[in-house]
Every structure is written in structure tokens, then in C-alpha cells.
Amino acid sequence: MIKKARPIIGILALQGDFEAHKRAVEGAGGDPVEVRTKSDLDHIDGLIIPGGESTTMLKMLAEEDLFEPLRQFGRVKPVFGTCAGAILLAKEVLNPPQNSLQLMDLVVERNAYGRQIDSRIAHLEFGGEPLEAVFIRAPVIRKAGGDSHVLVSYNGDPVLVEQGRHMASTFHPELAGGAAIHRFFVEKVSSSGKRKIA
Amino acid sequence: MNFLNEQFRLKVGLAEMLKGGVIMDVVNAEQAVIAEKAGACAVMALERVPADIRKEGGVARMSNISVIREIMRSVSIPVMAKVRIGHFTEARILEVLGVDYIDESEVLTPADEEHHVAKHDFKVPFVCGARNLGEALRRVAEGAAMIRTKGEAGSGNIVEAVRHIRTIVKEMKQLTVLGKEELVHEAKNLQAPLELVEYVAEHGKLPTPNFSAGGIATPADAALVMQLGAEAVFVGSGIFKSSDPEKRAKAIVKAATFYKDPVKLLEASEELGDAMPGLDIAKLPEGELMQTRGW
Chain A
30 MIKKARPIIG ILALQGDFEA HKRAVEGAGG DPVEVRTKSD LDHIDGLIIP
80 GGESTTMLKM LAEEDLFEPL RQFGRVKPVF GTCAGAILLA KEVLNPPQNS
130 LQLMDLVVER NAYGRQIDSR IAHLEFGGEP LEAVFIRAPV IRKAGGDSHV
180 LVSYNGDPVL VEQGRHMAST FHPELAGGAA IHRFFVEKVS SSGKRKIA
Chain B
1125 MNFLNEQFRL KVGLAEMLKG GVIMDVVNAE QAVIAEKAGA CAVMALERVP
1175 ADIRKEGGVA RMSNISVIRE IMRSVSIPVM AKVRIGHFTE ARILEVLGVD
1225 YIDESEVLTP ADEEHHVAKH DFKVPFVCGA RNLGEALRRV AEGAAMIRTK
1275 GEAGSGNIVE AVRHIRTIVK EMKQLTVLGK EELVHEAKNL QAPLELVEYV
1325 AEHGKLPTPN FSAGGIATPA DAALVMQLGA EAVFVGSGIF KSSDPEKRAK
1375 AIVKAATFYK DPVKLLEASE ELGDAMPGLD IAKLPEGELM QTRGW
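Each protein sequence line maps, in turn, to chains A and B. Note that this note's numbering gives residue 183 to position 154 of the first sequence, counting from 1, and the numbers run on in steps of one. Note that this note's numbering gives residue 1177 to position 53 of the second sequence, counting from 1, and the numbers run on in steps of one.
FYI, nobody ran anything at the bench for these hints, they're computed from the structure. It is possible that part of the hints are untrue.
[What the hints assert, rightly or not] With a straight-line Cα cutoff of 27 Å, these simulated DSS-like cross-link-like pairs (lysine-lysine) come out: (1) K1371/B - K1294/B; (2) K1312/B - K1294/B; (3) K1304/B - K1329/B; (4) K67/A - K172/A; (5) K120/A - K106/A; (6) K1297/B - K1329/B; (7) K172/A - K217/A; (8) K120/A - K1161/B; (9) K67/A - K1371/B; (10) K67/A - K1388/B; (11) K1384/B - K67/A; (12) K1384/B - K1329/B; (13) K120/A - K172/A; (14) K1384/B - K1179/B; (15) K67/A - K1161/B.
Only chain B is shown next, with the shape it has when bound in the complex:
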């Protein structure tokens, strides 16, 4: 089984190290340094944060290489970078560059509407977004070593992230009470490989860490998705689109550690300045949703 070999275990191993932490979107080295100083466990390099991609439109691609390289030089924590869904050439370039994780991300404009990257063929690990268990397991089958719920990136609205983590956790729980023949049927319903469905049924969890992303704007948001079962959080626009990024970054780091401790969450929520402006998902036109990219 691919998902138990040494290379895959090393990829999952790095994801294990990021648990309980906050991975922050940054667009340049200066932001990366602020993120590291605030206690980010990794940074995600991208050319524009999702809120700006949403506003400005156009095709969003892999970041400028010189910017990623500068970020890698500026911080000692792991550096991730995004590629377009299905764009295996962007991924090869980032692998040679030496980024620590690649996010095959719905936040960028998809390069392929039918195929995701065959991720087992790479030495560099991949993280992929998912809205439900079937999607998560299809990505793991392709070789993703970390799953993050998609939420709705750049919205500043936690509702989709909550929906996705609740869905995945519920679907995993349901598998644990089924018999062998029922799992075959579920594999058909989930459109996911039987061996992965069986793994989840036996362990009650994914074979990879399960993080949350897409809409986290406050320390309380981070603690909410972690209480619902996320093992770490990605914060995109939520930090550098707020009025005091450094303070907010620190506060979200604190919330990710003390997510079960309301007294500490109160401390983390004090004097934060303004959060990023949020969007009502129900009012977004279908074509502007990022979460429906990929399958």
C-alpha cells in the first residue's frame, strides 16, 4: 500500500510536526519574518492573498520564484507554496526549488478541470483541500500527505470551514460502525478507494493529518475548527488583511494551542484591532466560489 511506504511516512511526518500550529499565508519575505516572529509553524508563499485574488480577478498562478526563494532564505520554519490544481509542471519546479510542502490549491485558477497532480510521484509532500470525506480520500489516494478542509478562502467567513470539518468528521464516525460489506458500498458512495475507506473505518481518522483552512479570521475561529476536529489551521487573508497583523498572528497562534481553554482564548482575543472584512457566502455568485474547484 502506497500510503504506508517510507517516503509517504516522511511526508506525513512533517505534517505531524505542524500539528497544533498555525500556517500563515505570506506574499513576501517581510511578511514571512513577521509570521515567524509571531510563532507561525510554517508559512505559505503565494502571489496574492485569497481576498485580493477574489477582488482583482484574473488568473492566479504559482508565485514568482524569486519571491519564494527570498522567503526561504528569510525564515527557518518550513516554507510551503501553492500550485494550480493539476499543474504538475509548477509542482516539479517547486520541488527542485526545495519548498517543504506544496499546496495544490483551489485558491489558484485550476490548470486542469479533470485531473489533480499524481502526487506519489514526487519526493516533496503535498497538501490538498477537501469538502468531504470522499474528496479527502481521493486526494490521499493520489498521494496527498496532508488534508485541509477548503472552507471558502478570502471570505473572512468561517461558515464553510465549519461545514467541511463537521462533514468530514461525521462521515468518518459513520464508517467506524459499519460491517465489511457495508464498507464496499460506502466506498462506492464516497467514490474513494476501498483500502482507504477501510483504514478510516478501523482508525476513525484519515491516514494523514487533517487541518482546516478558508475563512479563519479570529482566534475564536481557529479554536472553533480545532474543537471540531482540525489538528492545525491555515490562515490566509485573515492576518495580513487585518488592522494589526503581528498582534493578530500571535493571538491566533495562542488560540491554536489553548483551543480548549476559554480563559486563554479571552486573553488572545483582547485588543486585537479590526478583523478583515467578511463576505456573506450566500450572496457570492456560484462562479466566484473557490471551494467548488477540484473534485
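The shape of chain A in the complex, shown without the other chains:
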């Protein structure tokens, strides 16, 4: 009998809410590990870039020589970015313009709803189930181009997008109760990798 191994999901742990993602990945059938160095990338099947401050993460990616290795990783394996992570995955970043990994065909505007007092929880739907979308100083996806596919929208803007093996959300599924979105990503990782054990 062939049994699928639990995929190993790396969580970029330079700064941000990586602990919350670890708990969510566990609940979604994946094995979470923290990623802080290049060599940590060698042993994972997929990567989550968490919420946090995108400028801080960007500085550290450069400082720790992680920027190119992450881009390379994204060329062969799935990456899921939430909030700051979505900003890092985008092709183009506005307000202010900043560097990014350019792994998804997205144009993302930072802090587009305003400041913390404009943060909000929206009650949306994903795959026919209720979805609690927690937006914290969230960005807005101004354009989802190429072969990207919008999975969830809020106020007419895409908030959960997939493109090929990658995913991005402007809200924080790791801060809500349900595990549906993490399960979706873990399944994506399982089906894109061929890692199976007898």
C-alpha cells in the first residue's frame, strides 16, 4: 500500500506571525518547520511566507543571502504568501514601490485600506464554506494577471489568488479558526511533489 507522507511545509521565520502558521499547518495535515537560512530550504516541500512587515523581511532576505535562493525555490516548489508574504510574491509593489520575489503575476498596493484603525474582519466564503478573513493593515491586489486565478474576492478586489503552484492572500487565514485554506495549500504541495513513501 502506498501511503502519502505528510508534506514538510517550511515557514519563513525571519519576522512575523510564523508561529500562528505553524499551528495552522499542523491542523491542515502538514509538518511545519521554521526556515531562516538557505540550507533550511533543502528539506521542505513547500514554503509559507507569513504576515509581518514586508520591509523587515526584505532587508533580512538581502542581508542573509536568501533572496535568490527563495526565487529559485519558487521556480520548482509551491509558495504561499499571506499579507506581507503576498507583497513579497508580487511582480510589482506600490505605496511605496519596493523589491519583490516576482513569483506571481500580481500588482500589490501596500497598506491600501489605511492604518491599523482600518483593519477589519470580513465574513466571506471559500469553497462553499464560511470564511473569516482577518485583514491587518492589509495590502490590496490591484491586478491579478497572467494565468492567475482569483479564488476569493472582497469589495471587488481579489484577496485569495492562485497561480500555478503558488498562492497569495491579503488576509490572514492563520489568525482565523478554520484550516480550509491551509489544507488547500498542503494538498497543492502534496500533489505538486512526488514525495511518497511505501
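Keeping the supplied structure of chain A fixed, place chain B upon it in accordance with the hints.
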């Protein structure tokens, strides 16, 4: 329960985003830009850093609004600002201004010696200082969405920050092994609401993130308090009172991420220039301690 409603979760949510990061004290936009470039996850606007407040004396109040506004315009990371303990009007002003977090801080001269701000009434989140679990839970009961250990601000001496984080972590651990009736007794001892004491007993942690502040001057200091259980650090005078603020800021950011990795901490500690001068807490007169402000 107030501490589980949507508004409170959003306030805690922003604190979650700051974890593993460094929040830096700045007194003007120029310093804020240096902090952001060095990798700060947020900046704290105040009129003077604690070391100067300590030296110059006088009443320390909320910062000049035009300075805070300029800082908010200059950086894209969250901007926090301090209000005096109990000064709910300063807090209302900062809420309208749109700062991302308010620090009801013992570093400023208290406005009220008996009451802290009723923080659930605000849409903007608050962080408060604490020296022990009881104090932390009283602040959470009032609506604080982030706790930071007080340490002794402006001292450049880590000893008080260590004492406070160790105390809170130990007190939390102790609650996890107690029975229901013992928790009622502990709530009485801690002078904190039973529902929050029960939360800590069940989860082994506060209902909010727990950061550290007050005396962090080196990358090693930052890593020390994080190994002891702090989830992020505030650095006040430690950066802009050192001989090379930019370099020190970067080094402390690195230390907050790699706090468990001595090789990376060695890298972060190289060629830093001089740290801020430190004070011996034991030689400070009682009246000059900032940590005893608030209860």
C-alpha cells in the same frame, strides 16, 4: 468575554505581525527612516528617549503631534506613540491622528496615579508595561492587546528586563499545574480577573503577545530576553544613544531573528562601536525608577 471579540482580535493581530521583530524608539522622522532601513518592524515616536528624560528631568508628555505626523508620513511600517499613564485624552488625540499602536507608558510622567486608561473603549490598540503576571493581566483586563515587560527604561542595563520576563514566565508556568479552586485563590493573590487567570492556566501564556523592553542595549541583550520567552523587543535609548545607530539597529534586528543561533549572534556582535553608557540600578534613588509607575 471582551478579550475574544473581533475588535480585540484585530488589535492582537497587529501585535502578532510584530513578533520576532524590533520596535525602535525615534524622536524624529530622520531617525524613523534610519530605523526602517535597518529593518525595524515598527517605530515608537516619543519626544525624548528615556535616557534623556532621565537626565533632563521635568514632565515628559505625549510627543509633539507634527513630529508624529511627519514620522507617519516618512515610513511605511507601523508607527506607535506614547501617552502618559491614565491620560485618556492624549490617547483620543493619537487615535484620531491614526497611529497604529499606543503605548501607555511609565517612561512618561504619569497623569493619573490610580487609574490606567480604559482601553477597550478605543479602536486603536494599546501596549502596556508590566513587571509581573498580576500587573500584565490587569492591563489586559483594561484592554491592552500587547504586554511588554517594563525593565528599567533608559538605563542601558538589562537586569530589570530579565527579572520581569523571568517573573512573568515563571508565574504563568505555576498556574498551569493548579486546580480550579487554587486558581480562584491565585486570582486573589495576583489581583487579576479569574477569567484571565484561567486562560493563562489553560494555555500557559498570556491572551496577548508578550514583548520585552527597558534596558536592551546590545544584540546579546535582545537574544537573551527572547530566549527567556519574550516574543519581540522594544529598544529605546539603546540605538540612538550608541556610537553607530544604523549598524547597531541592524545588528539587533538580526539578533531578534537568530536569537537561538550563537554563530549568527557573533556575526551580529562584530564591529558595533560603543553601546550606550549603562546605569547601576542599585544606585538609582527610588524616586528615579520608572518601572514603579503604574500598578
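Hint-by-hint comparison with the structure:
A distance of roughly 34 Å separates the Cα atoms of K1371/B and K1294/B; the hinted pair therefore is violated under the 27 Å criterion. As the CA atoms of K1312/B and K1294/B are separated by approximately 18 Å, the hinted pair is consistent with the 27 Å bound. A distance of roughly 17 Å separates the Cα atoms of K1304/B and K1329/B; the hinted pair therefore holds under the 27 Å criterion. A hinted pair counts as satisfied when its Cα atoms are at most 27 Å apart, and K67/A with K172/A does not qualify at roughly 31 Å.
Of the pairs offered as hints, the one joining K120/A and K106/A holds, with about 18 Å between alpha carbons and a cut-off of 27 Å not exceeded. As the CA atoms of K1297/B and K1329/B are separated by approximately 8 Å, the hinted pair is consistent with the 27 Å bound. Of the supplied pair hints, the one linking K172/A and K217/A holds, its CA atoms being roughly 23 Å apart against a limit of 27 Å. A threshold of 27 Å between alpha carbons decides the hint, and for K120/A with K1161/B the separation of about 22 Å falls inside it, so the pair holds.
Annotation: proposed proximity of K67/A to K1371/B holds, straight-line Cα distance about 23 Å (limit 27 Å). In summary, the hint linking K67/A to K1388/B is supported, as the alpha carbons are separated by about 14 Å, within the 27 Å threshold. The suggested pairing of K1384/B with K67/A holds, with an alpha-carbon distance near 17 Å, which does not exceed 27 Å. For the suggested pair K1384/B and K1329/B, the alpha carbons sit about 20 Å apart, so the restraint of at most 27 Å is met.
Distance hint between K120/A and K172/A is fulfilled; the C-alpha atoms sit about 10 Å from each other, no more than 27 Å. Note on K1384/B and K1179/B: the hinted pairing is violated, with a Cα-Cα distance of about 35 Å set against a maximum of 27 Å. At roughly 23 Å between alpha-carbon atoms, K67/A and K1161/B fall within 27 Å of each other, so this suggested pair holds.
The earlier numbered hints that this structure contradicts are 1, 4 and 14.
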